[in-house]
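Generate coordinates for the entire structure from the input sequences, incorporating the hints supplied.
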Amino acid sequence: MSANPTSEITLTVNGTEETLEIEDRRLLVHAIREDLDLTGTHIGCDTGNCGACTVVKDGEAIKSCLMFASQADGSEILTVEGMEELPEAGEELHPIQAGFKEKHGLQCGFCTPGMIMASKALLDANANPSEPEIRTAISGNLCRCTGYQNIVSAVEYAADELGQTAAADGGFLDDLEAAVEDHDTARTDGGEPS
Amino acid sequence: MSSEVEELRHDEDGGPDPEANKGHGRGGMGEEVKRKEDKRFVTGRGNYVDDIKRPGMLHVEIVRSPHAHARVNDIDSSAAMEVDGVVAVLTAEDLAAYDLAKMPTLMDDVQDVLVSDTVRFQSQEVAAVIAEDRYAAKDGAEKVRVDYDRLEPVVDCESAMAEDAPVIREDVEGQADNHIFNWQTGDEEATDRAFEEADVTVSEDMFYQRIHPAPIETCGAVADFDPGKDKLTVYMTSQAPHAHRTVFSLVSGIPEHKIRIVSPDVGGGFGNKVPVYPGYVIAAAASYVLETPVKWVEERSENLQTTHFARDYEMTGEIAATSDGEITGIRTDVLANHGAFNAAAQPTDFPAGFFKIFTGSYDIPAAHANLDAYYTNCAPGGIAYRCSFRVTEAIYLIERMVDVLADELDMDPAEVRRKNFIPKDSFPYESATGWEYDSGDYERALDQALEGVDYEGLLEEQQERRENDDDKLLGIGLSTFTEIVGAGPGQQCDIMGLEMFDSCEIRVHPTGKATVRIGVQTQGQGHETTFAQIVAEELGMNVDDIVVEHGDTDTEPYGLGTYASRSTPVAGAATAISARKVREKAKGIAADQLEVDEADVVWDRDSGAFQVRGAPDQSVSITEVAGAAYMDHPMEDEPGLEAVNYYDPPNMTYPFGAYVCVVEIDRETGEIDIRRFYALDDCGNRINPMVIEGQVHGGVAQGIGTALMEEVTYDEDGNIHGGDFMSYLVPTAEEIPEMETDYTVTPSPHHPIGAKGVGESPTVGSPPAIVNAVVDAMSHAGVRHIDMPMTPDRVWAKLDEVGLTKDPADRLGAGASGTADD
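Note that the protein sequences, when read in sequence, are chains A and B.
Residues in the first sequence are numbered consecutively from 1, following our numbering.
Residues in the second sequence are numbered consecutively from 1, following our numbering.
Hints are computed from structural coordinates only; laboratory data are not their basis.
Treat the hints with care, as some may be off.
[Claimed, not checked] Taking CB as the label site, the calculated pair distances span:
#1 A/Leu-86 / B/Ala-79: 45 to 51 Å
#2 A/Ala-167 / B/Asn-719: 53 to 59 Å
#3 A/Ser-130 / B/Asp-787: 34 to 40 Å
#4 B/Lys-53 / A/Thr-12: 22 to 28 Å
#5 A/Glu-88 / B/Glu-82: 50 to 56 Å
#6 A/Leu-86 / B/Lys-424: 50 to 56 Å
#7 B/Glu-197 / A/Ser-130: 57 to 63 Å
#8 A/Glu-88 / B/Asp-715: 48 to 54 Å
#9 A/Asp-24 / B/Pro-689: 51 to 57 Å
#10 B/Asp-793 / A/Thr-12: 46 to 52 Å
Computed from a predicted structure; not experimentally measured.
Glycine is no exception: its CB is placed at the ideal position from the N, C-alpha and C atoms.
Next up, the structure:
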């Protein structure tokens, strides 16, 4: 349609590889919402302040309104629509999604997908965060309805649920074994235990 | 009110009593039912306006003025039309051809949809580019050349009232200055007399700053004109879809039955989505003319800079009292900055909203308010941001002034409050300004709150810390506010002539499941759950068997919308009455099924079944009755089981609360740390405690934002500050503390289920509690007031003024101020 430069990019979104021919200036959030029709990711501010557009890119929570889609070429992206398909999701909702419902962590729901994705990145990096750690992790996401208290509870709920699932799967023992191995490696290398 | 409704308002079994009985296990009133709406939101399946996509849909980008006050000489859109994908560029001239260049505001003013000759505030709408995608629309907007002659802007009331001030609204007939209206309430003479005879009088100036509701979803619309049916459908971020349909019809001339307004999922409203904005009109007009779907969605800066602001009241409060703290009179003088158009959102006969509630929770014999409103070159508005039409400003004034009086008399602010509360046995109570308060028990709420925070212990701690010259100042702030919510009654309250009633239709299906349609809609309040709970309570059904629909004018009964905490007081009442109408009919069917006289059938709230009087084991459930209504109905009755009710409330409801805020102020930096926030709310009978607590959390968080962070200002050239999220500071999870909630229950005597509404109490009640706490922390040094937002620099300046600052060097020793020793 226009003379603006375009590129072909490949994104793996919620486990599915997608190839798009798009303008180089197209924001990742528009590619997700308008080209891939994944409208669970929202837009609330255009300046990176509100976090409604948060997705997990290559394991890290990012604001998809602050990145061109072409910059994300080749990356793996998880959006709220992919949460139910994750292995740790139960028959219905992922524990983080269930936490928001159980703990009344949402009202209008507009910030919720971004909050869920910020929480997902947090819990992947830190399975048992403290309340201040949760507050810091979601401090890039604005919510005008809940006063955040029940969102914090929702993330704590999810951490508990995920912890129990991991323990039931023998995850705890696996983790312990891995830790011992790290420790041994560190000693062999002469460094500090990690 | 019809006698039938009057009878149903007072249920024969006394109505629900959630205090005595926390529900019946079916998800009725008083139960913490998890929300029905949540699943779609947590899975990304919500459907907000910007999620709507239609084949051939075009996009609107609005060209906005960089100047606050300017003459538009020429708009050249030729270069814009050259841009790939641009379909049209609209100006006021184009809209005028369809008589759509101007639109009415809610307060009988007229606002330009697109500027015809004069820009009156920065970022006002000047032209609209319609294009095939949002990027092309933006490219086009960049190319629209507008030739302006700048005019002198006026950005505050003082400048607006100056004799040589430029007249901003020379387009209004007979308007020779910037004064919009003078409004007064109360008895001036009696009030003046109270002040003359008073032992003590106090006075304080305070500014309730300009703020913005800033819902996380901005405003937007998808207009979709169907030329085959001559029908215009507008999906829009609307808090009042029915009223908007009527307005669209009146403004456009399209017959009302050919317009459908759908308010899909809405990402927060808080009053921001009550008015009609130019963008909606542009999208609708473009769709109608181009016969194709057109989308307009604001960016955040457009939302903050042009859609309606809240507050902006400069107030002087005065109290007259006896020497032992009995308040004998209150008066106030207010300057209201309404911006470029008188577009405040409130009932027609209330140009200052419900500001006349400014006597608050207190029995004050004499009261008078005088208010002058002015046009300025600021964005228009004056909407009810999570409050019932200016009650927020009024309650801030009285709750601050009570503390000022306590300080003057060297009394405990709790004691002054207790001394002046409207006694619990004097309800219904008529206030000096003419409101009839329905019910209240303020002293019980205050006592419970003081005990809840160990008030005495806090006072002792404060004393000790002052004596020890502690690095942090401790302040304790109270707020014992009263809200006034639930507009109508229709004869008293209307919006553009539309009486403020509300409605509910219930259809019980043959298998005993029900569809409930309500005239209000939700922007996060949880109506799909709480309104189902009302029906579950009143029909003995399981809440899972009920679905609530809202927000579509083609299917829902007419209602005035969700704002000013009117959903539960008005539409909630309509829902209870509607359910009781269904129950009345069901009773006849039950009698037929039980083969007894109808007079011998009683409905048992606890089991939710119809029983033979005196023989409770002979009963039929609502499911059995529903089946019979369609398959075995009594021959003398109509089949089916449905009812509808349009409810015009006999009065408003008066929820109230007692809040305590405890702050610590860092004497080195002026930073405020909210150590505790305790909120006790009395909203009458409670529908869903979980939802209530969530609403209180959210409202207190907004109150904290107001008190500490949020403000929109204008420089002398009319440039806005606070026009994006980089400068308009909405609190994050790190600024909001853990909050404590509590409650008492004082049912509304006139509401069918005794409920009052709660969503806005915390936004109204929390700012004065926070300011009172901060002032209390500094009161021993003579501080009596500090304006919001209480940013660290403002607080530090105040500390410095009264000699309360501490130098970090004193704490860290000499090394701290010298060169680093590392």
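>> Checking each numbered hint in turn, tell me which of them this model violates, lowest number first.
In response: none
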